[in-house]
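Start from the sequences, fold in the hints, and give me the full structure.
Chain order of the listed sequences is A and B.
Take 1 as the starting number for the first sequence in our numbering and just add one per residue.
Take 1 as the starting number for the second sequence in our numbering and just add one per residue.
No wet-lab data here; the hints were simulated from the structure.
Incorrect hints may appear among the rest.
Any copy, or any two copies together, can satisfy a pair, since identical chains are not distinguished.
Restricting the straight-line Cα-Cα distance to at most 20 Å, the calculated cross-link-like pairs of lysine to aspartate or glutamate (EDC-like) are [stated by the list, open to error]:
#, residue 1, residue 2
1, 123, 172
2, 232, 98
3, 31, 263
4, 43, 96
Note that this is a predicted model, so its numbers are computed, not measured.
Protein chains: 2
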Amino acid sequence: MLGSTKIYGCLADPIDHVKAPTIFTSIFKEKNIDAVMVPIHVKKENLKNVIKSLKKIRNFEGMTVTIPHKKTMANICDHLEQDAVFTQSVNWIKFDKDRKLIGNNFDGQGFVAGFLSQNFLIKNKKVCIFGAGGAAVSIACSLAKHKIKSLQIINRNFDKAYELINKIKIIDKDLLVEVTKYKDNYLLNDYDIIINATSLGLHKDDKLPFDVSETSSNAVIADIIMQPLETKLLKKAKKLGRPVLFGKYMIESQIDLAGNFLDLW
Amino acid sequence: MLGSTKIYGCLADPIDHVKAPTIFTSIFKEKNIDAVMVPIHVKKENLKNVIKSLKKIRNFEGMTVTIPHKKTMANICDHLEQDAVFTQSVNWIKFDKDRKLIGNNFDGQGFVAGFLSQNFLIKNKKVCIFGAGGAAVSIACSLAKHKIKSLQIINRNFDKAYELINKIKIIDKDLLVEVTKYKDNYLLNDYDIIINATSLGLHKDDKLPFDVSETSSNAVIADIIMQPLETKLLKKAKKLGRPVLFGKYMIESQIDLAGNFLDLW
Numbered sequence: 001m002l003g004s005t006k007i008y009g010c011l012a013d014p015i016d017h018v019k020a021p022t023i024f025t026s027i028f029k030e031k032n033i034d035a036v037m038v039p040i041h042v043k044k045e046n047l048k049n050v051i052k053s054l055k056k057i058r059n060f061e062g063m064t065v066t067i068p069h070k071k072t073m074a075n076i077c078d079h080l081e082q083d084a085v086f087t088q089s090v091n092w093i094k095f096d097k098d099r100k101l102i103g104n105n106f107d108g109q110g111f112v113a114g115f116l117s118q119n120f121l122i123k124n125k126k127v128c129i130f131g132a133g134g135a136a137v138s139i140a141c142s143l144a145k146h147k148i149k150s151l152q153i154i155n156r157n158f159d160k161a162y163e164l165i166n167k168i169k170i171i172d173k174d175l176l177v178e179v180t181k182y183k184d185n186y187l188l189n190d191y192d193i194i195i196n197a198t199s200l201g202l203h204k205d206d207k208l209p210f211d212v213s214e215t216s217s218n219a220v221i222a223d224i225i226m227q228p229l230e231t232k233l234l235k236k237a238k239k240l241g242r243p244v245l246f247g248k249y250m251i252e253s254q255i256d257l258a259g260n261f262l263d264l265w
Numbered sequence: 001m002l003g004s005t006k007i008y009g010c011l012a013d014p015i016d017h018v019k020a021p022t023i024f025t026s027i028f029k030e031k032n033i034d035a036v037m038v039p040i041h042v043k044k045e046n047l048k049n050v051i052k053s054l055k056k057i058r059n060f061e062g063m064t065v066t067i068p069h070k071k072t073m074a075n076i077c078d079h080l081e082q083d084a085v086f087t088q089s090v091n092w093i094k095f096d097k098d099r100k101l102i103g104n105n106f107d108g109q110g111f112v113a114g115f116l117s118q119n120f121l122i123k124n125k126k127v128c129i130f131g132a133g134g135a136a137v138s139i140a141c142s143l144a145k146h147k148i149k150s151l152q153i154i155n156r157n158f159d160k161a162y163e164l165i166n167k168i169k170i171i172d173k174d175l176l177v178e179v180t181k182y183k184d185n186y187l188l189n190d191y192d193i194i195i196n197a198t199s200l201g202l203h204k205d206d207k208l209p210f211d212v213s214e215t216s217s218n219a220v221i222a223d224i225i226m227q228p229l230e231t232k233l234l235k236k237a238k239k240l241g242r243p244v245l246f247g248k249y250m251i252e253s254q255i256d257l258a259g260n261f262l263d264l265w
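As C-alpha cells, this is what we get:
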C-alpha cells in the first residue's frame, strides 16, 4: 500500500462473505498494478449519499456492486452502458476522468465468455433459458449478439418474458424467440443448450427447474447458481452424461471484462 | 484482503507522498489484524460531505488526517479529545460504536514519547520552545503534563504565544511560563531542552531558528521537522556535540498512541 495506490471497492450488505476484494487485490499484486480492492459495507438507504462522496475521493476509481445495491446503483449512475440499460442493474461502476459515474452489467458477457472458455459452441445453437429476471435478461441479450439459431424463454410471468423479447429484438430483430410458461408443453430434447437462470438451486429444498432426463443427450446444461458450486441440477445432468457448465465460470470470466472496463488490463 | 477486513484511511491532498498506508498496513499484517489503511485523496472543500458518507460505510473505522485537513476536521468532529481541543486540529479520527466522529491530536504526546524513548529526561527540566503554532501548542501542553520546571516560548506573534500560555495554565496553573519575541534578548544557555516547533528547516534556504553555539553544552536540541531527516539545525548541533532529537521520533511514537486510540493494540 502506497500513497499513490488506487482504491477499488466491493459494495455489499452484508459484507463479510464477499470474495472480490481478496481476488482482485491479489490480481493487482500479480500484475504489479498499484491498487487494492476494499470491502465497502453500506445500507441500501445510504447508497446515494455514499456514492456522491466517493465521487469526491479522487483516488477512488470504481467498484463491483453486489446485493442489494445492483438496481439502486443503476438509478444513481450518470451513464449506463448497454447491458446495464437492458437489465436496469449494474454490477460494476467506474468514475471517468470527469468523475462521472459509469455503470455496466457483465453477467451476460461473463456467461458467454465462461461458456466459450469451456470449449462449448454458441453459433447456430438452439438455446432454452429458464427465467426472465436480471441475470436471464443479461444472458439472453449477450447470446443474441452471438448468432444463436433460436431462443426459447421459459418463465412463469409472461409480461417479464415479453419485455425480454423486446430487448432481444433491439439487438437482433430476426432472431427466432419464443416464450412458454413453466409446465406448459415444451420439448426439452429440441435444444442444444439449456440454461437455468432462475434462483432455483440456491436453497437446499428447491425443486429442479426442469427434468434433465427429458433433454437431448448432447445438450449442454448450464446453471448460473454459484453456491453450491455443483447444484442438484448439474449433479443430475452429470449423472446422465450431459456436458455441464458451472455458475462460477460466469463470474470468473467477468474478471477480464472488469479489467477492460476499468482500463486496468 | 477479505470481506470482513476493516478499512482505515490516510486523508491528504496531495496524496502520493503519504507513508502511513504502507506503515500501518504492514503493522496490521505483522499483528494479524484484519485491516488495511488506504490513501484517501480529498479536496478541502469536499471534506465535510465525504466524512458524512464515510460515517455510513460501516466497515470504515478511522483515519489519520494530514495536510490540509487538520483544522477543518476538528470542526467536523462530533467530539474532540483534550489535545485536539487545545490545538483545534486533529491528526487522528475514529468512529465510535454509534458512528460518532471522535478526533484527537497526538503530536504533543508523540513528541514526549519520542523524547523519552531516546532516554532523555523531562521532569524538572527548563524547556525553551520556538513557535506557537499547532505543533508547538500540542507539544507545550504535553510537556506541561510532565512536570517540567519552566517553559520559555519564543514567537514573533505575541497574541498566539499568550493564547498558548492560557492553555498551559489550564493544565498546570503553577508552571512558570514566559514569552519572548524572536531576536529579543534571551539567554539560550539557560535551558536544558530547546525545541524547534516552527517550520524553519523545512526548506533548503530557511535560516536557522536559533544559534546553537549559544546553547548550554548539555542542552538537548530537538527538531520537529521530519523532512529532511537531519535538518541544518540538528547537523550544527551534532557538530557542536549537543545531544539531538530527530523529528521522526514524534511521528514514530504516534503509531502506538494511534493503536490505543483505535482500540487496535
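To see whether the hints hold, each was checked on the structure:
no.: 1; hint: 123 x 172; verdict: within (14 Å within a copy, 84 Å between copies)
no.: 2; hint: 232 x 98; verdict: neither (47 Å within a copy, 44 Å between copies)
no.: 3; hint: 31 x 263; verdict: within (13 Å within a copy, 35 Å between copies)
no.: 4; hint: 43 x 96; verdict: between (25 Å within a copy, 18 Å between copies)
Comparing the model with each numbered hint stated earlier shows that hint 2 is the single one that does not hold.
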